[in-house]
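Enquirer: For reference, the chains in residue letters:
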Amino acid sequence: MRNKYLAVPYVVWMAVFVVAPLVLVVVYAFTARDGGLTLSNFTSMHQYVGVFGNSFLLALIATAVCLAVGYPMAFLLAREGERIRQIAIMLIMLPMWMNFLLRTYAWMSLLEDTGLINRLLSLLHLPTLHMINTPGAVVLGMVYNFLPFMVLPIYSVMEKIDPKVIEAAQDLGADSVTVFRRIILPLSLPGVLSGITMVFIPSVSTFVITQLLGGSMTMLLGDLIQTQFMGTAYNPHLGSAIALVMMLLVLVCMAIMNRFGEGEEGAVML
Amino acid sequence: MKKNGVFSRAFMALVFLFLYAPIFVLVVFSFNAIKSRTTWGGFSLHWYVELFHNTRILEALRTTLTVSVLAAAIATVAGTAAAIGFYSMRRRPRGICLAVNNIPMTNADIITGVSLMLLFVLLGRQLGFKLGFGTLLIAHITFDIPYVILSVLPKLRQLDPNIYEAAQDLGATGLTAFRKVVLPEIMPGVWNGALIAFTMSIDDFVISYFTAGSKTSTLAMEIYAMTRRRISPQINALSTLLFVVVLALLVVINLRQSRQEQAARLRRATLRSPQKER
Chain A
1 MRNKYLAVPY
11 VVWMAVFVVA
21 PLVLVVVYAF
31 TARDGGLTLS
41 NFTSMHQYVG
51 VFGNSFLLAL
61 IATAVCLAVG
71 YPMAFLLARE
81 GERIRQIAIM
91 LIMLPMWMNF
101 LLRTYAWMSL
111 LEDTGLINRL
121 LSLLHLPTLH
131 MINTPGAVVL
141 GMVYNFLPFM
151 VLPIYSVMEK
161 IDPKVIEAAQ
171 DLGADSVTVF
181 RRIILPLSLP
191 GVLSGITMVF
201 IPSVSTFVIT
211 QLLGGSMTML
221 LGDLIQTQFM
231 GTAYNPHLGS
241 AIALVMMLLV
251 LVCMAIMNRF
261 GEGEEGAVML
Chain B
271 MKKNGVFSRA
281 FMALVFLFLY
291 APIFVLVVFS
301 FNAIKSRTTW
311 GGFSLHWYVE
321 LFHNTRILEA
331 LRTTLTVSVL
341 AAAIATVAGT
351 AAAIGFYSMR
361 RRPRGICLAV
371 NNIPMTNADI
381 ITGVSLMLLF
391 VLLGRQLGFK
401 LGFGTLLIAH
411 ITFDIPYVIL
421 SVLPKLRQLD
431 PNIYEAAQDL
441 GATGLTAFRK
451 VVLPEIMPGV
461 WNGALIAFTM
471 SIDDFVISYF
481 TAGSKTSTLA
491 MEIYAMTRRR
501 ISPQINALST
511 LLFVVVLALL
521 VVINLRQSRQ
531 EQAARLRRAT
541 LRSPQKER
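Taken in order, these protein sequences are the chains called A and B. Under the working numbering, the residues of the first sequence are numbered 1 to 270, in order. Under the working numbering, the residues of the second sequence are numbered 271 to 548, in order.
These are calculated hints, taken from the structure and not from any lab test. Mixed in with the good hints there might be a few duds.
Here are a few chain B residues that face chain A, going by a calculated C-beta distance under 7 Å [stated by the list, open to error]:
id, residue
1, S278
2, P292
3, L296
4, G355
5, M359
6, I373
7, V384
8, F513
9, V516
Built from N, CA and C at the ideal position, the CB exists for glycine as well.
Can you make the complete structure from the sequences, with help from the hints?
Expert: See below:
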């Protein structure tokens, strides 16, 4: 049953539809509209430093919030009984199956100035809040959409922790803080790392969430790239250069993070 | 381990409230009689009726389902074959292949989208085709296959290599041995891969947006266009229907899976001698 030639069609497919497109991005990034080699796409990028900073900052905040909520969630879930766990995991995955545009759109009716949250606030005679079209709303949209990507990988490693290891530590005199610090935390680290990756990358590159919840106030990398390819500012060369720089920055972030995790192999979500 | 106390349960309830509050609002306002996202004007099925007369949405729904089913089916067959190929390779080439295989999964969607768009536009100019259903399908297959491979490969690794040889010793041809012995063993992985592939295709917006061209449009693209123009509560009706369908599907799949696992456990228990049971 070992037959390595079965991989040949897919290797060819990958070469054409995975590797070649990325090579094209690099080629576009280093050429001008007339086809000549140039670095101007990169040198003209300094005007977008703010966009880069904003994107990485908002994505970082969203990832931190996801971790702060998702880690305890996964930890608590893993301690529940079999039946509750199954239902809870299904409930976490269920929104993922609804299109994320719909989920983000739903927040619009909650966050608007005359939206449901503000109606509730004025009903209680509390001051209303301006929430939509702020960076905060964008972070909320990111957290809402990508929280399952944090919970699920952490949960899947937590679930596999052998309760006997914890009991053994307790028998040897460890209190619950020590058990958490010395056993649960290190064993759950691979899940945390893959969770961070799975939240950070879509957050830093999103363009739909910003357009729905951030209005015209927030321009992020995703929006910038999109306008270069589909929008009014059509310039795929500049767009490719921005995409390339974003890809490299993300790679650097991930490399630093994985170093921090001492090369633990990332857990796969499903 | 200790059981969760009141505070822990309350925390979990809050997280679920956060996850479901917007969906609940969507569902409630799909039955609204007036065209407001925030004011309740009485119960009505008006938007559902309109939804079923909206040919653009129905057409987009058909495109989405067609491309998702086709892409998932093709990716499942191709991905399973590729997984067997990868499994048979030596360490180094396999490492390289798996690294390339990981690219579409770890790269940001927008990068996969624009890079494929560049390729399709360039090839289209050379060969004389336009972006449309074909390029959309190719893009979906490309990002589906890696998930199938990652789902099938572990099952192949768990496989006892002796059973294939045993089948051949008993006179089965290679193909029969594969069909009768190997395939049933890796089938849960194959199904799981197909399911993930289908989910990824259904849920995708960004890659479709860049690769479908201006004539073809998936449901997500149609919703995106609607949110940029005027928003009709038809979107709420549509999301409610999708939610119900997905809920039903998930329940069916969960039941099926637990039944399959039980059957597999039973089969394994009767096939193997007790000493070999891990």
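Enquirer: Run the structure past the numbered hints and jot down the numbers of the failing ones, going up.
Expert: none
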